[in-house]
Amino acid sequence: MNPSPNPYSRRAFLGHSAGGLGALALAQLLGPARAFGSGPAIPGHLRPRAKAVISLFQHGGPSQMDLFDYKPALNRFHGKPYPGGNLEIHFDKQAGNVLGAPYAFHPHGQCGMELSELLPHTGSIADDITLVRSMNTGSVDHESALRILHTGRFLAGLPTMGAWILYGLGSENENLPAYVVLSDPGGLPVDGERNWSSGFLPAVYQGTPFRSGDSPVFHLQTPSQVPSQARINQLALLKELNLHQAARYAENTELAARIANFETAARMQSAVPEALDLSGESAVTKKMYGLDNPVTEEYGRRCLLARRLVERGVRFVQLFLSGQPWDTHDKNAERLKGLCARTDQPSAALVKDLKARGMLDSTVVLWTGEFGRLPVSQGKDGRDHNRHAFSLWAAGGGFKAGYVHGATDEFGYESVQDVVSVSDFHATLLHTLGLDHRALTFPHEGRASSLTDVEVTGAKIVPALLA
Amino acid sequence: MPPKGWLGVIAIVLVYGHGFSRADSEISPSPTKKPPISAGSHWAFQPLKRPPVPDTGTPSATANPIDRFLAARLASQGLALGPEADRPTLIRRVSFLLTGLPPTPGQITAFVRDRDPGAWNRMVESYLASPHYGERWAKHWLDAAGYADSNGYFSADSDRPLAYRYRDYVIRSHNRDLPFDQFVRQQLAGDESCGWKPGQPVTPEIIESLEATHYLRNGQDGSGESDGNPDEVRTDRYYALESTMQIMGSSLLGLTVQCAKCHDHKFEPITQKDYYSFQSFLYPAFPIEKWSKPNDRVVYASLPGELETWERTEQRLQAEQKVLREDFHVWVAAHQPRGKVLFADRFDDPAALASHWSNTAPGDDAPGGTPPVTLNVEQGPAARIRDGALDIIEGGGSGDRWLSTVQSFDWRPARTGEWIQVTFDLVASRLTGKGTHAERIGYFIATHDFNNNSPVEGGNILVDGNPGGASSVQVDYPGTDAKGRGAIGISGYKAGRNYGVRVTRKDRDKLTLEHVVDGVAESGTIELKDADLPPGGFGFEYCCGRSFIVDNVLVEASRDDDPEWAAKVSEFRTALEERRKTFEQREKEIASQRSPKPGGIAWVTDASAEAPEVRMLKRGNHKTPGDPVEPTFPAFLRRTDGVTGTPGIPKTPVGTGRRTAWAAWVTDPGSPQAGLLARVTVNRVWQRYFGVGIVATPDNFGLSGARPSNPELLEWLAAEFVDSGWSLKSLHRTLLQSAAFRQSSAPHDPGLARDPADIMLWRFPLRRLDAEAIRDAMLASGERLGTKTGGPYVPTPRDGSGEVAVDESQPEAFSRSIFLQQRRTQVPTFMGNFDAPSMVFNCTRRADTTMPLQSLSLLNSTFVLRRGEDLAGRLHRECGEDILARVRRGYVITTGREPDPVETSAMLRFIETQRQAYAGRADAAQRVWSDFSQSLFALNSFLYLE
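Chains A and B are the protein sequences, given in the same order. If you count by this note's numbering, then the first sequence holds residues 1 to 467, one letter each, in order. If you count by this note's numbering, then the second sequence holds residues 1 to 946, one letter each, in order.
Calculated directly from the structure, the hints in this document are not laboratory data. What you are looking at is a predicted structure, and each value in this text was computed from that prediction instead of being measured. Built from N, CA and C at the ideal position, the CB exists for glycine as well. A portion of the hints provided could be inaccurate.
[To be verified] From the structure, some residues in chain A lie toward chain B, with a derived Cβ separation under 8 Å: (1) Leu155; (2) Pro185; (3) Gly192; (4) Gly199; (5) Ala230; (6) Leu237; (7) Gly338.
Please put together the full structure from these sequences, using the hints given.
Next comes the structure, spelled out in structure tokens:
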């Protein structure tokens, strides 16, 4: 007979609601609503360091050798044929000679982290971040690489890490979606809504985009023709009748959850606008995020919103840029300058603000693109895609402070020392959240699917990144 | 590390399939290592063996074999099947299950009143005979087969305009109960079995055989958009082939073959050699080196006379449309008070293109984009004059480019009221004969410099012409300094109209940007400053696979030399409104008569009769080919009854015969694999009835899958299915006859205590309707449901707010959900909230989410509000002013039953309170009843099948 009757019976009810008949295992994993406040799908496997993640995603493949990974050889060999052997090149007909790195690097902080002059504000948080210079990934194609970074595999339509994290941890604020996407008002990122898809995980784990304007969430506001008393009456009616029906199925938690959800929905109508309202933020805070400067204002606003959301219990917040601006196939130097001007100060302000509020210990801030760029030119002044090396930084939530991990070759083409794959990074990130990447699985494609797919990727936690 | 404790057990169960099954609820805590591979004895890999039906000793109560299998197990726990549910509940169950639609009040009454012993069968047969049966069950197969109307893979997620023919074939096959083994063979090798060659005459049977093969191209296929280096292109092609294999493994055999691509399967007996042997059956149709892109895998096969009739109609309609549009434009051109023409191009002379247009904006030192636009070539990115119009040919790849006028204009009119505008005819929103409908028609004003950090601020104002409505505007695009400025106008971009923008001086440092359609400015404007509008050209945007055709680019400015000019403009506008109404009416009439060229079938066939060599790929990498493989079948699915194990490859009139051989193998009577096919199929059907399959992992029948909860029952059902001639309708009759299906869903204490998860089926499991059933039932309740039975999909565009929904003004907006566009990246928001899948490979089991976004859409979405209005209207039509009658009728329509006294009184009170809430409003009565009707849709009595 059943060796653990208590959880069995409790879960079995969930099982009933999830699938009708509750194959126990499936029920456990399918579960009912958790993304809005109730418990997690799987209790944390490990002692968590972090409980929330803010991902500042940088679409297009930021040029690691111009921003994070100083390579003097580039300038020495500028304009000369690349001496380092074969390169894997995406647009193979446009490849040129070595392209020098136009911006100077300086050491920052007590740790002496070398960063480009384009990133003075990131420099000011050098002692708070882990910089990984030895990332690599599996594709030089934007969409595929995006998916690897967001879902662990290059296939389209799989659950994103935000969805997996939510599935693993549940939410802390039942009146807000636990996975919020703050996309660029200028437009959707490349690959659109797939970037926050729950894939084969239940839809409750999908990211919810907050739009600018009156109705940040679809169908959030009561239609204008419905006076508030009419809506109050309606909610009362639904509660009464649904409770009446549920009385016949007293054991059914799904029916109960659906009844509660109408009330949650009503509370969301005020909770969402409250979270998005910056009027209570001090002038000092706003200035720190660059809200006083048209160049940084937009990105700064979203960084500040991210902090407010995490403050209110949101698990995973992701910021996107429209299109893929870091994709510097031409005019690399100029484009980087503009992009850094826009994002450097707000990104660093977020880390400083979280730290000042004592939230950095429990919040991971992640700054990454999907891949890196090549040491040679594309056309006259651009850089092509490179999957063999890119840099990212992470702050807080158990990541080391003031630490540089790994190294690339002389030209920054390939990660050669302490190489970290995207799946390794995922495993490490989940670990800081108290989740075992091998155990956080969901049945799909006839097997136990996971973010890191360890059987295929061999993903392993990188202890060196963690304090 | 094996996960610890109880949860660990769960994970192990899922990974290894040991320990848990519905029949055997013991949870084994022991297995922590990979199970031994003992394929020889694995239950699912054996030929079917029909088990004896248990003798339960009470034949009268449990005559149905299904019940006897279940009863035996229930009895061992002191449980039994529950009492029969009442008739309204039963007919609702059957109606939703077989047709995906609610029973009509008439059907309910007829069944409840029919006390004849044949009542049940009559009711069941009427639903099985309904064409809606095929629409419902086709959708289930399409889920398993991974059907989508888009190619996926890349973010373009390009269109599959002909996939619908396969969808319709699946509907027809279900409705005429095509034996399932034939259905499978036809999908795998219909082209070879019918032997048709392009150009030969066709019959309806041949057409079906060709349509069926689309099954093999349901996987994601980005090869039409591949633009990387040759290795990447090859990877993209392999992906399409591998997706097909994965779908076949999952939907037919319940196996995860893809794990054997790089190495022998870790949990299953599938070797890497098996994987590539399997691949070699399909490779001739998907030869990597002689690849056909999706749009080229199309054949035209039309019935005699069909094409000629269509061509005649098409010619006539095109001619009518041309005259209509010309007349309209001529009239506009003749009557519109002309401004000062600053620039005009009618694109009559290809040689003159370079003198007017350039890839470099006026004043810029370098072209826009990498690679930039080339003039008068066909290979994109390019601009070419053809047939007196300008083709904007996008070239794929990433990044923006533009084509700009050489001439620069002053975009800042000097005095208040003066304006400058640019307009063009949109001839076609895609290139003739190729490409998809451009999602946007992008164009720039004030193009001055593609440079991201140019010294000139502003300019490069991009207008993103949107087919769905308002056009968004960005200043200083492209680049990171681009700024969204909102949207202008209201009209969507459609071929045959004239579009553009107008800049009007309002004040000092204040200008407005208006959207101009057919010469008239629309509502919805934005404000600009002088700094936004430096001098520059006019240009078209190249982006994102959008190719289109334009003509008559005209830049003009207001006149300051004619005092009566304003009056003339106003007079013209009034006249134009009238003209335009007639014009649009005629356009719609013509459009409704048009149909796509008949006979186009997106099919699969071998590239030649000679099979190319197929090699294993070391570690699954095509850069490291290994030994050649032959088309052979896996050892773990081999007959042991003396009948030849490996059928040879037959000679077929077309193709290599390899797919025919595989199709024959997988349906080979008496073989283990045919047994597996039957088990997988009946299990998926069982899952639709009871929520969870007898095997809880419908896509994994291997050693790592869940064990069957009732192995004998599954075996019996599969054998019965095969013996019935693979008839799904027979299977339904058997299942529907069972007391297990007909029992009540009410709980009781002994059941909850001994089998809380209802593993043994002591009651019918309560289940939520799926996304399609919810939408279709809402439409049916208000008598809105459309009558579409096939043909091209109903588009589900993303509107300006980002919501994906059907435009309800289009003629087929209310069609059943199976006919909505199934674009992978564009699942309708409402349906996605209720777990409609975004197709990756395939979907053998829907999730069942409960979340507040569902509540929000039930309360606030336009779709549900309108359905409430529809139902309110119906209740008024059918019951007049009788309040009680309306309440009762509303309940019957939506929940299939009369309200009980508690519900009735609650509803009557609600009606009263709503009346007060809306008191004094002209539409109060309508609003009260709309709220009532909408509330019915939010009741669990509607959303769930009891």
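For each hint, the structure was consulted:
{"no.": "1", "hint": "Leu155", "result": "holds (6 Å)"}
{"no.": "2", "hint": "Pro185", "result": "holds (5 Å)"}
{"no.": "3", "hint": "Gly192", "result": "holds (6 Å)"}
{"no.": "4", "hint": "Gly199", "result": "holds (7 Å)"}
{"no.": "5", "hint": "Ala230", "result": "holds (4 Å)"}
{"no.": "6", "hint": "Leu237", "result": "holds (5 Å)"}
{"no.": "7", "hint": "Gly338", "result": "holds (4 Å)"}
In summary, the structure agrees with every hint in the numbered list given earlier.
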